[in-house]
Each structure stands twice: as structure tokens, then as C-alpha cells.
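Chains as they are written, first to last, in the working numbering: chain A, 4 to 153; chain B, 15 to 129.
Hints may be right or wrong, so weigh each one.
[Unchecked claim] With a straight-line cut-off of 30 Å between C-alpha atoms, the simulated DSS-like cross-links for lysine-lysine are: (1) K98(B) / K49(A); (2) K43(B) / K58(B); (3) K49(A) / K43(B); (4) K127(A) / K145(A).
[What the hints assert, rightly or not] Facing chain A, a subset of chain B residues (Cβ under 8 Å, in silico): (5) H32; (6) R39; (7) K43; (8) E46; (9) M48; (10) N53; (11) S79; (12) T81; (13) L108; (14) Y110; (15) P113.
Keep in mind that the hints were calculated from the coordinates and are not lab data. Since we're looking at a predicted model, the values are computed, not measured. Ideal Cβ placement from N, Cα and C applies to all residues, glycine included.
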Amino acid sequence: MDGDPVTGEPSAPITYTDAFSQLFPQYMVMGMSYDEYWNGHAILTKYYREAYDLRNHNDEWDRWRRGAYFYDALLRVAPVMRAAFGKGKVEPGKYPEEPWPLTEKEAKEREIRRERENTERFIKRLEAESERNLKKLNEAKKEARGDGRD
Amino acid sequence: MADIKKVNQINFDYNGKHYCLEYTRETVKQMEAMGFSLNDIGDKPATRIEQLWAGAFLANCRKTSQTIVKELFDKMNDKEALLKTLTEMYNNTLSYLLPDAEDDDEGNVEWTATL
């Protein structure tokens, strides 16, 4: 039952002012000023909360990436450490050339870029190959004629 | 006559002056300090709706005389819709503080003032 546990009288309802005052420190933590909270548009708090969540989300990704880099570095050095106690020389793995993609969109863009680079490399190889073949063919023709002229 | 809609505001022009009515947490606090409570609206609807209306002037049109406030109130034709809009605007000062109120447009009040 609601109310004072001793007297049994119903407790006073919580006013809007009470709720505003109670929640104000939370919004100060999110970076909201006194004036924005009390005198600004009511909807501002919603955006501050969303920005705060987004910042936390980004910070979390940042922490994750630091951990991932450290983990990656450990894995790459591990063979060298093993080699120190074994035989033969082991080269450490290569450190990533760029940070890992943070979003799926970024990952997809990177994948497309990689595919494009692969295709360009393939085309260049193909062109070089066909140029070589053409050169060989011309030389063979020259030899067949036996005159050494072009 | 004016037909301006903006999130959580009632905007209109009257006699060459622009009026932008809204509630801030500060003005709601002031209204409660003056004895206003939204819970009483069922018991004293006529008084409370006028207080609710007058309170909406505190944020941006504080210097508007009580006579004009009353005059404008009398000119509003659909009092039921007006009460609904004002109540939502008033409630939004609290509901926007709570995460549950997110991800919908219910809190975005639209109002067409017809004078």
C-alpha cells in the first residue's frame, strides 16, 4: 500500500518539479547546461540522451579496437617468442595497414575497394601478358621469315 | 488567423504580434509553485485549462497582459482540442526526460491556431 508506513497517510504525489530536480544531475552528466535543461526546448533532453548513448557506443568501439590491436599484436609476435625456444627463424605477422572497419557500411566499401584493386591488378597482368605474347608472336614471325626484318 | 505548426509549440499571430506558446521545465515549475496541478484538471477543468493556457505564455510571451491572454483564449474555437494539445505539451516536459518516450512521434504536438 502507498503512503506513510508509520501514520498510514497517503504520501504526497510526486510533482513534475520533483521529477525535474531528481533527473537534472543525470542530464548534467550528459553535458546539458542549467539553462538548456530548465529554459530550453523540452525535447532537447531526448537529443542529449541520444548523443550520450552514441558517444558511449563510440567509446566502446574505441576500447574494443584498442583491445583488438593489442590482441592482434600478441598473436603476431607469438611465433617469434616460440621460435626463441625452438629452431629456425620465424617472421612475425604483418601489422594491419589500416584500422578495422567500424561499421558494416565501411566494411562493405572496403570490400568493394579491394575487389576493384584486385580487378585492376588482374587487368594490368592480363595486359602485360598479352603484350609479351604479342612480342613473342612477332619474333616467331620474324624467325619464320628468316629475314630478321620487321 | 494563423496556421503554423512546430514541435511542442503553438505559434500564431494576433493583431500584428507573433505568439509562440510553449512550456519549459522552468515555467512548469513556476506553475506548480503557483498551485497548478495537472492531476486536478478532471475536478476543475474550466479553471485549470485557463491556467494551463496562461502558463504557456510564461516562456516566450511573459509580458502579455492577462486581458490579452484571456481574449486569445476566448477566441480559440476548439477548446477540447486545445486542452488536449496543451496537456500533451505540458506532459512532454516530463516525458522527454524518460527513455520510454523515445522512438515515436506521439510527443510531437501539432496545432493549428484559428482565431
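Each hint, compared with the structure:
| no. | hint | result |
| --- | --- | --- |
| 1 | K98(B) / K49(A) | holds (22 Å) |
| 2 | K43(B) / K58(B) | holds (20 Å) |
| 3 | K49(A) / K43(B) | holds (19 Å) |
| 4 | K127(A) / K145(A) | holds (27 Å) |
| 5 | H32 | violated (17 Å) |
| 6 | R39 | holds (5 Å) |
| 7 | K43 | holds (5 Å) |
| 8 | E46 | holds (5 Å) |
| 9 | M48 | violated (11 Å) |
| 10 | N53 | holds (7 Å) |
| 11 | S79 | violated (23 Å) |
| 12 | T81 | violated (26 Å) |
| 13 | L108 | holds (5 Å) |
| 14 | Y110 | holds (5 Å) |
| 15 | P113 | holds (7 Å) |
Hints 5, 9, 11, 12, counting from the list given before, are not met by this structure.
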